[in-house]
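Novice: Sequence:
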Amino acid sequence: MPNKTNAAVLGAWTFFASAHAIDVCGINGLPLTPNSIRILGRFQKLKSLYHPGLCTYLDIKRGKHERVMIVCEYYQDSVQDIKIKSMLKSLKTLANLAYESLDALSYLHSNDIIHRCLSPQNIRLDSEGHVKISNYGLYYITECGTTVSFPIGVPKYMPPEVLAHGPSDRSSLKCDIWSLGLILLELFLEISFWNELTLENIFKEIISFLKLENGREVVSYLVKSNDSSIKYENCPASLQKLIEECLNPMPNSRPEAHQLLFHSFFEEHELTKKSRATNVPLLFLSTQLRCNECNGAKFDPVIDDHLSKRPLQELYYLWQLAGGDLEAELRRQELIKAKPPVVTVSKIITGEGEEFGHEKDQAFLLDDSVSVLPLEPLKHRLREVDCDIYYPLIEYSLNGIAPSTFFMALKDTAKLPIVIKEKDVEYQLHRIVLFKRLLEAYPYKRTQIFQECKLDIPPLYRPWIWAALLEIEGDIQEMYDSIDKETPTPTDRQIEVDIPRCHQYDELLSSPVGHQKFKRILKAWVVSHPQYVYWQGLDSLCAPFLSLNFNDEALAYACLSAFIPKYLHNFFLKDNSAVIQEYLAKFSHLIAFHDPELTNHLDNIGFIPELYAIPWFLTMYTHVFPLHKIFHLWDTLLLGQSSFPLCIGVAILRQLRNNLLSYGFNECILMFSDMPEIDIQRCVQDSIKIFCSTPKSITYRVHENVVSKLKKPFESNVRFSKSDSTTDPDLVMVPIPIVELKSEVSPRISAEDLLDILDLSPDSSRTRSRSQSIKILVIDIRPSEEYNKEALPYSINIPFATAFTPDGALDNSVIFNSKGKIVAVIGSFKDNLASEFATKLVRLEYSYVCTLHGGIEVLRKTGLLISK
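According to mature numbering (1 follows the signal peptide of the UniProt record, and there is no 0), the stretch in the sequence shown is residues -21 to -1, 1 to 847, in order.
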């Protein structure tokens, strides 16, 4: 059988989809979806198929002029090779091949995939001699051949009913059984039928089988016409019966693949109990242990090919990072041949019979030749990688490993911008190996996954990492299947209108399959959440999850269902005005807290958040940014609390600050109607800084889902908070009427946060001599006589009545010298002077201004007020 060197490699092949006429539109008046897009959408199902008898599909790419390029697992040896045929003389070997081929076909047929191109060339063998069927699914992805201009199938192995019905008729699953039966007959007889016949005569021979009554007559005709009757008579009766059943000219009488697995021929060779476990999805594929191949011998990390032990998906991903260009490689190996346009002009025949031009370009016909993608550049790039990186311990971390030149380089790379880290081969190798190991230990290693995500998320495993961050567990497929996604609902029409407008620049989401998946997921969410309604924007929220989990609708639905309660709690109520108004009010407060100059300008021109920010928050910025930016933005968003989107909004305004300050109302409207380019990396970093420098009570919302809040979203300075709960209800925030909330310019801070920042214990009145290190300036605006009776330690007294000059300026230098500190204004809860004082500070462009919720009365209950 094949030698050990016949390991899996990366193969690629290409073909053209048929092109639509330029002026053809669909029934909706929109241009028709390119056939290459349709093929790309259907191809995704092939990527989700995992079986030991199938060559795995890895990727599909589109080129110019409807060219489609496919990357797959590939093996050099096939049943067609002469040296392999000589090894198949043994009945045991032939039985193994037939059984494993039927096992793979049975799996394909169970997924409604017809091979249609089955031939000895497409039955490949791995290093152990096991069957690996290739080139399957072409009939499926081309919608039964309707999206390509060439026929699908190997003429010699086509069943008679396919030729009789023509290419427009959909083949049945049993056409593959005929092909396999003919292959087995050829292998046993060691001949090849119809080699000397033309294609026309081959078709005549095959169609003539329709006149015969059963498979025995078909086989008898074939062996007699090739003088092989004597050899066939020596064939075991069980094998004869198997072949004759496969070659039954009546497809209705032909058995199915799963039935043939229990044939007596396989029982004789004890193959019915043989089982090669079906592969599981990529996330749960276990890396092969090094000890499996050691056999007691000393393991040599120098000569061992560590890279070959990684999943092919990782290998292909790293190959691209190392400079691999699929189209360029196909051109180099001449699977893509460029021709001058003048040479491809079709032949023209004049009325006088003269011919001009050239024959139809043969490149538009199917050439299933496979090009092997060279891995040498990748191996050369990784030649100096420490072997330990391939086998991390479960507690592995960059911060806990022994120093070495290579790992020190990784630490340096980790500090670079995300766009650079995602292109670095060595760094991505380290990250994908580590995350794969951690994901295999989910949910046990959820905490470590969370910690590692603070550094960055490798794009290859982003779908499952997001699912881990959203704490997706349980049988999500069963839950998704139990939801009625077919019964018409009142929202169907709106969903159908919204989907064709949602991220249609994305090839997957714009495909018909993408539209179908979109609709099913959105309907599933609406049906399973009867307390909510469908609002425009839900489709945009779904887009990132569907794009990442295109082959796993259940996981996409589960992620969407977990995401909305955490960040958009009650946003999809039928009447969500109170939720939206509170969110926008908190956003306005946050802008005033961090950038009072911008707040003053926007208030002066009347450019309020209601005019631009609702689509931001309702879609979590998916309506604003393309998907590749959303992925980087949500990598951090999923680590944060429900208030983090507010910080992202402030970060966006900061990037647009110079333009906003120079624009009037009309210019601002125009700018936000066509959002300028935003540096997402800078936006993310600014958002984190804003989040960490904002006391948590400032972003308190009544409609926040407290249950879904994370304890520690970022490593350092968790928003000045020691805890997420308190035993004293008087110290925390309570709901504030929307009208009152919107009337205030500055946000409110809770007594809990104020005391935490001051590091004052509610049960102690001790004073401290560290006022220079306090991060907050507390201003008590009560009259001096009240302040002298009792006051909070480290607070200063600036009576409201004498604080400002007649022209509105602040007659005090203490605040000016406290730049960078939070300014908390304390007054009596009975009047509104604290809010008015804070508003005046904001108008004077003082940053980090807030008021104490509950006033001095709340602090009096703590017992921390001291006499001056």
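Keep in mind the hints are simulated off the structure, nothing from the lab.
Glycine is no exception: its CB is placed at the ideal position from the N, C-alpha and C atoms.
Just to be clear, a hint being listed does not mean it is correct.
To be verified - With a Cα cut of at most 25 Å, we get these calculated BS3-like pairs of lysine-lysine:
# : residue 1 : residue 2
1 : 390       : 424
2 : 40        : 135
3 : 565       : 394
4 : 68        : 24
Stated by the list, open to error - Simulated restraints, written as ranges between beta carbons of each label pair:
#  : residue 1 : residue 2 : range
5  : 169       : 398       : 44 to 52 Å
6  : 208       : 68        : 50 to 58 Å
7  : 654       : 842       : 34 to 42 Å
8  : 836       : 717       : 34 to 42 Å
9  : 366       : 176       : 18 to 26 Å
10 : 366       : 29        : 23 to 31 Å
Novice: So, against the hints stated earlier in the document, which numbers end up violated here?
Specialist: Hints 2, 3, 4, 5, 6, 7, 8, 9 not satisfied by this model.
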